[in-house]
Amino acid sequence: MNLNRIILKNFFRNIKNYGLYIFALIFSVSLYFSFVLMSKDESAAEELSSGTMMSTGFIVGSVLLIVIIVTFVMFANTIFLKRRNQELALFQLIGLDRGRVFRILVLENAIIYFGSLMVGILFGFLLSRMLMMILLRIMQVELSVGLNFSMAAVGQTALLFIGIFVLLMIQNFIFLKRTRLLQMMTMNRTSESDTRRLGTGTVLMGVLGLAMVAVGYYFSTQLMENVSLIFLLVFGVLGLTIIGTYITFKFSVAFVLNMIRKSKKGHVSVTDVLSLTRIMFKMKSNAFLLTLIAVISALSIGLMSLSYITYYSTEKMVENTMPHDYVFYEEEALEFYEELLDEEGVDYESIQMPAVDYEAKTEGAISADLEALDFNGSTLYMNVVSDAHFGSVALGPNETIITGTPSVMQTFIDYTLHAPMTFVSDDYERSLELVDIKETAVLPSMVSYGSPTAIVDETVYQELSEHQSDEMQEQGVKMLHAIDITEGDSMDILNMMNREENPVFESKIQQQTGQLQASGMTMFVIAFVGFAFLVTSGCILYFKQVGESEEEKGSYNVLRKLGFSEREIIRGLSFKMIITFGVPLLVGLLHAYFAVNAGWFLFGTEMWTPMLIVMGVYALFYSLFALLSLVHYKKVVRESLT
Amino acid sequence: MILEAKDIKKSYGNRFNRTEVLKGIDMNIEKGEFVSIMGASGSGKTTLLNVLSSIDRVSSGHIQIEGADITQMKDKQLAHFRKNDLGFIFQEYNLLDTLTVKENILLPLSIRNMKKDEVDRQFERVAGELGIHELSGKYPNEISGGQQQRTSAARAFIHQPKIIFADEPTGALDSKSASNLLKKLQQMNVASRSTIMMVTHDATAASYSGRVIFLKDGLVYSTLRRGGRPQEEFYKEIMNTQSVLGGVGVES
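Sequences listed follow chains A and B, in order. Okay, so the first sequence: first residue is 1 according to the working numbering, each after it adds one. Okay, so the second sequence: first residue is 1 according to the working numbering, each after it adds one.
Just so you know, the hints here were simulated from the structure itself, not pulled from any lab data. Every residue gets a Cβ at the ideal spot worked out from N, C-alpha and C, and that includes glycine. Treat the hints loosely; a few may be bogus.
Ranges between beta-carbon positions, derived for each pair [to be verified]:
no.	chain 1	residue 1	chain 2	residue 2	range
1	A	Ser-263	B	Glu-237	31 to 37 Å
2	B	Glu-237	A	Ser-565	47 to 53 Å
3	B	Thr-19	A	Ser-555	27 to 33 Å
4	B	Gly-24	A	Leu-299	56 to 62 Å
5	A	Ile-230	B	Thr-19	53 to 59 Å
6	B	Thr-19	A	Asn-14	36 to 42 Å
7	A	Ser-263	B	Met-73	57 to 63 Å
8	B	Lys-31	A	Gly-99	30 to 36 Å
9	A	Val-558	B	Glu-237	33 to 39 Å
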């Protein structure tokens, strides 16, 4: 019976204790490997017009991934070292010196590592095929996904994980060097909670933490009102919320829970024993970790929401700025393409529509906060078109409709329906009643230059253009030249028209696919990294719970001997799970909401649906880890009496 | 003289907040002795055992085991020393759940090059003496606490160390298992002339030994020798000393 054999046997019988650690490692490897593999997939890169964007996205993403993976694996390692310290102490007691113990650790880790590395690469390969299909689908590119296996990607992944392995060994070495034998033997018995009394300092800090977060939130809603101070404010918001979050975890949670505890005046139930009193002190000692989890959750939820908002709104945004399939800069170009389409036998409809520039007073129907944007005067530029060009619109001589206000402009302009709107040109003034507001633009942005467009009755249009000021008249009447394809546009028609020798044009379908690819790519990379973070932070909290369940085994035993049923204890623990997992999640979600709320309109046209979808999915996956922990607790409680 | 300790001091804490646990202890232990250390909780008995057994370092003083000063040894030398000369028994058994009883017992032998039949001979010897032979294929969680502690004792004896250190070995056992274990320890002490040093707060456990050293506030308070007296008489004397010390019924 030699030592190596005993150690190997010990290790393999212990392997189920390392289950989640191994899972996490395999997961990290697969994730990283598939990521690298995709970034090296040349066939896909060629196909995508945003190829360079893709590679930068992948580089940024992989750096973030590495940071997440390294932190995570090192954290998991410290937990496992702690768990195993008694064993390590025993090895030293029977006379192994630290060098030998270190070699044992190296051997074990090597088995775990290189095993996980190989399995992970295999899974990563399959995963990458699946992810590639998802990515191409998101970007709406038709391309069959082949089975490219890249040795370079294997090399890169192996290199990273060997690097991490070396880091871990250094960590283990320092642990062994630093920790005295006696400490190792008694480590299991010392718990990390310090049960000092909560003094007035805690109360003050508790209030301060919550107040800081609240002020940070308030500032975030004021960002757009104070554009000149925006940088100062952004840093203020970040500083206040992050430090506030830390203080909240360090003091406020304990403070609030202690209030609840005091209100019970000593009549603590089993739920309180298992949740309130424990969490109170655990939160304090884990404040840093929880802050990190909450802040990075907020970051990933926020970024995922924003990128999803962009992706979600892409079609609509293009629709809003491009009402027609093709728009041309000159009349000649329109004629050229009319001929081309005739030849090809494609049915189409041409549109030619004049528009005049006008100024409208920011009073009555329009209320604007123009100072925020350093605008001069009290007028707003408007395009005016006649209702004669729209079959579906018929307006009375005193009515008008506003269309296509860009979403950025919407944040500082408000319209009031059925109020008078006044067009001005030198001394001439004409008031009309605002009867409707439409999101969709009737003029493409290349004609409207980003100003809203008002539709008026034909007679009013004539009247307005006659009274146009000299200054405005000099610019001439703007003309829209456009074509709509009757049967609906397609890539085939675009490719047919899009030749180098042909005159230039703007195409809706081209803009849409271009933007979908760009936003889809960004969304994919962010979602990938966000998901990696979600899983790792979930695992970290789960590991913590596993550790705590072992420490608390004694309490369950006592409680069950006192006559509490398994169900009652589980109910108490469920409450504990809700707090431990729920509080960081809630804080993360709240942070993310305020972050998204502060700037979403720069990214798209719709906030709630995409944001809620992202939050929902995130919370769902996150709560899986709470459930997993609870299942583990159940097992521990059941076994505690035997 | 197997163990000789001179003026051992041990203190914990930092420069501003020091607690002196051992305040200068002198002690001599002869080869083949069975010594108990008693004292109220906080008297420093576990700390004394830890420093004597090289698990912890002294703040000042010297400990010589068979002429070798362990306070001067480097880490690697200490490991070598533990491997050859020391055995340990703890209150919470300290067995590896993943190994069978036999594997646990043989663990100290596995780190030296020994012939297989010699290893088996040693195992037969201790397992027979401690009455755990039929358990050899079982895992620790399949046997009782008393059996686990006897396994732990077998592990301490297997490599025939010069001294065995036992920290509250009966602390987690019921009285029957405890007396069973103590009788075995006593037998092994006589049969193989191994030296045993045991920390305990239990007067009954101490009455199995040949000498009891009482600690109070980090100093040796008194020493009782059993001599040729019957165990009951020795037990009464221990109880008397303990009540003078004020340590009756005080859990460690």
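Hints versus structure:
no., hint, verdict
1, A:Ser-263 x B:Glu-237: 31 to 37 Å, "56 Å, violated"
2, B:Glu-237 x A:Ser-565: 47 to 53 Å, "50 Å, holds"
3, B:Thr-19 x A:Ser-555: 27 to 33 Å, "29 Å, holds"
4, B:Gly-24 x A:Leu-299: 56 to 62 Å, "59 Å, holds"
5, A:Ile-230 x B:Thr-19: 53 to 59 Å, "57 Å, holds"
6, B:Thr-19 x A:Asn-14: 36 to 42 Å, "38 Å, holds"
7, A:Ser-263 x B:Met-73: 57 to 63 Å, "58 Å, holds"
8, B:Lys-31 x A:Gly-99: 30 to 36 Å, "32 Å, holds"
9, A:Val-558 x B:Glu-237: 33 to 39 Å, "37 Å, holds"
The structure is inconsistent with hint 1 alone, although it conforms to all the rest.
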